[in-house]
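Peer 1: Spelled out from the first residue to the last, the chains are:
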Amino acid sequence: MWRPSGLFHVNYSQEIAFVQTPFQWVMLVLGLFVTFALPLFIPLDALNFFIKAFITITAVLGLTLLTGNCGQISLGHTAFMAVGAFVGAPLLNQGVPLILCLIMAGLAGGIVGLIFGLPALRIKGFYLAFATLAAFYVIRFILIHYFGGVVGHNVPPPSILGFSFNSDFRIYYLIASTCFAMTYFTKNITRCKWGRAFIAIRDHDIAANTLGVNVYFYKLMAFFIGCFYAGVAGLVLSIYMGWASVDHYSLTNCIWYLGMIIVGGMHSISGAYLGVFFILGIEEMGIVIAPKLAELFPQLAGSMIGAVPIIFVGLVLVLFIMIEPRGLVHRWEIIKTSIRIFPFSN
Amino acid sequence: MVEEPILEIRSLHLSFGGIKCLSDISFDVFDKGLLAIIGPNGAGKTAMLNCISGFYRPQQGKILFKGKDLTRLPSHQIAKLGIGRTFQNLAVYAGASTIDNLLAGRHFHTKENIFAQAFWFGPAMKEEMKQRLFVEEIIDFLEIEPSRYSIVGSLPYGIRKRIELGRALAMEPDLLLLDEPMAGMNLEEKEDIARFILDIHELRKIPIILIEHDMGMVMDIAQRIVVLDLGKKIAEGDPDQIKSNPTVIKAYLGE
Ligand SMILES: Nc1ncnc2c1ncn2[C@@H]1O[C@H](COP(=O)(O)OP(=O)(O)O)[C@@H](O)[C@H]1O
Ligand SMILES: [Mg+2]
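For the record, the sequence lines run as chains A and B.
Residue numbering for the first sequence follows my numbering, beginning at 1 and increasing consecutively.
Residue numbering for the second sequence follows my numbering, beginning at 1 and increasing consecutively.
Calculated directly from the structure, the hints in this document are not laboratory data.
One thing to keep in mind: the hints can contain errors.
What the hints assert, rightly or not - Distance windows between CB atoms, simulated: (1) G67(B) - I321(A): 47 to 57 Å; (2) I151(B) - G149(A): 46 to 56 Å; (3) A17(A) - Q77(B): 28 to 38 Å; (4) G67(B) - R326(A): 45 to 55 Å; (5) P156(B) - Y137(A): 45 to 55 Å; (6) F130(A) - G18(B): 32 to 42 Å; (7) I114(B) - S177(A): 19 to 29 Å; (8) R204(B) - K336(A): 31 to 41 Å; (9) I321(A) - I234(B): 44 to 54 Å; (10) K336(A) - G67(B): 53 to 63 Å; (11) P119(A) - I234(B): 41 to 51 Å.
Even for Gly, the Cβ is constructed at its ideal location relative to N, Cα and C.
One chain only, chain A, in its complex shape (with noise of 0.2 Å):
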């Protein structure tokens, strides 16, 4: 964020604070002003496009808290929000109170994932990467088979003290406010003992154990949290689909969410939001652009439409590997202390 030079700290408790500087107020302010008013200014597909992209940065910060920070890989993301959401949907037709559906279907989530997580104490990298993609598989197997089967659950639209959430324009305030909810539990979480120590495992998991840190209880805590997220953010899309189908939550999102974060910049809030718009923004200029590629090559048509997105998308993950595997967020720390530094920076 935003820190001129000339701000200087007078006690450690303002260097942690949430928000530093009266510029940091004022845009948080207009950030959620705009945020909250938005549905009113904006047409019906732009505001699916956000509504889409909270229920991902949801989803996402999971994964920058157990991917990022931690450095525990999964490949099963979506299957977690599955779990979220087959678990809160029957709770909600049975007029389960929305808010404990949710803080349930999160609770799903975090569970299911820290069973799903229990490879990660033996095993790392590539090779927990696949066991996760198993975990993928099996649970989309049990969902399937024993929780709702392929047709799922059919989700009614929620209500908090007589407001019924059954048109976009009001699942949005939904969907942001858990969005915004979820971050601010991201932040706390990041600025005290517990990030440190997913840190300390992601970064050195022997010496984290030489500082009395438990490793393999922070792992699978990280596991708990970050699917904690998918929970939350899988009941939350149910909502929006007005339906629990595991055909949401599909093994490309899981990969999408990695580029995402690979994108933003693997372990900052701010970098999940970057990411999450920054792919989102692609794919979509994907479907645009698509049906154009189309009339240009009337032979390949037929596989055009789909295809474009993945492509697009997949290309820009590469570029960014490639080019700036640190993420966006890295650049716009460079630029913003060239500019503090001006004119002296080159």
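Please build the complex by placing chain B with the ligands on the supplied structure of chain A, with the hints as guidance.
Peer 2: The following block gives chain B with the ligands in isolation, referenced to the frame of chain A:
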């Protein structure tokens, strides 16, 4: 001063699939003592420390710390008992700032409840302040103020070594294990580190086990020296005894 051993190593045996790495090692570290372990490469010095911090499980023997056997404890619990250490190959958290590296060393001194914390940062804020003040004192002591906010991975080697030392100090250990803290440094940097080690030992009264290759340095600062060669203890004594010990001279100079 009553000489009380804080750490007792009792006939320790360690082997990896038939290859003997440590055989029948015994020695004591006394409260407020500065013990150096020396010996040629591959002598088993690092393996010795790894047994103490619980990374290696010796087949035989005991390691008593404040009277408690460590050989079956998981390493994070050994740390909590009060053993801090640094590594021969730097083990800092390269992706985090200096402050966060040191605060990570305060892990089990930091009392924070994740659930309360996730909702309201208030109570945790106080705790963070307390830890931060403690860490600031270490930053002053190690003279790394300018690197306070830098990402550790971007700092020079010598500074990173200091940060690793600071992280171990932040644990408020009752015993500090230092594995070649001066390796790869120039003379000036070595002297700085030697000064810090002496200060830690004399002002903070923390007993230290130091592994070091630079003989001159060891003879200057150690109170007692244990010499290992090929996994065996070949000598133990104060610097003057070691200097004139024929077995040691032979091990270092060859036949
Ligand atoms: N994990 C291990 N597996 C097998 N052999 C090991 C292991 N760790 C150390 N050794 C062996 O033990 C001996 C002592 O190593 P080390 O303690 O690193 O020596 P140094 O005194 O140079 O620190 C070496 O011969 C090394 O090959
Ligand atoms: Mg060694």
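Peer 1: Within 19 to 29 Å: is that where the Cβ-Cβ distance between I114(B) and S177(A) falls?
Peer 2: For I114(B) and S177(A) the Cβ distance comes to about 22 Å; the hint holds.
Peer 1: Are R204(B) and K336(A) spaced within 31 to 41 Å by their CB atoms?
Peer 2: Given about 39 Å between the Cβ atoms, the range holds.
Peer 1: Kindly confirm whether 46 to 56 Å is satisfied by the beta carbon distance between I151(B) and G149(A).
Peer 2: 49 Å, holds
Peer 1: Confirm or reject the claim that A17(A) and Q77(B) have a C-beta distance inside 28 to 38 Å.
Peer 2: Because 35 Å falls inside the window, the suggested range holds.
Peer 1: Hint says 44 to 54 Å; check whether the CB-CB distance for I321(A) and I234(B) agrees.
Peer 2: Distance hint for I321(A), I234(B) holds at roughly 52 Å.
Peer 1: Between G67(B) and I321(A), does the beta-carbon spacing fit 47 to 57 Å?
Peer 2: Between G67(B) and I321(A), where Cβ atoms are some 53 Å apart, the hint holds.
Peer 1: Does the Cβ pair G67(B), R326(A) satisfy 45 to 55 Å?
Peer 2: For G67(B) and R326(A) the Cβ distance comes to about 49 Å; the hint holds.
Peer 1: Assuming the hint says 53 to 63 Å, is it satisfied by the Cβ distance from K336(A) to G67(B) or not?
Peer 2: 54 Å, holds
Peer 1: Per the hint of 41 to 51 Å, is the separation of the Cβ atoms of P119(A) and I234(B) within bounds?
Peer 2: 45 Å, holds
Peer 1: Would you say the C-beta atoms of P156(B) and Y137(A) sit inside 45 to 55 Å of each other?
Peer 2: 47 Å, holds
Peer 1: Okay, F130(A) versus G18(B) on CB: inside 32 to 42 Å?
Peer 2: 33 Å, holds
Of the numbered hints listed earlier, not one is contradicted by the structure.
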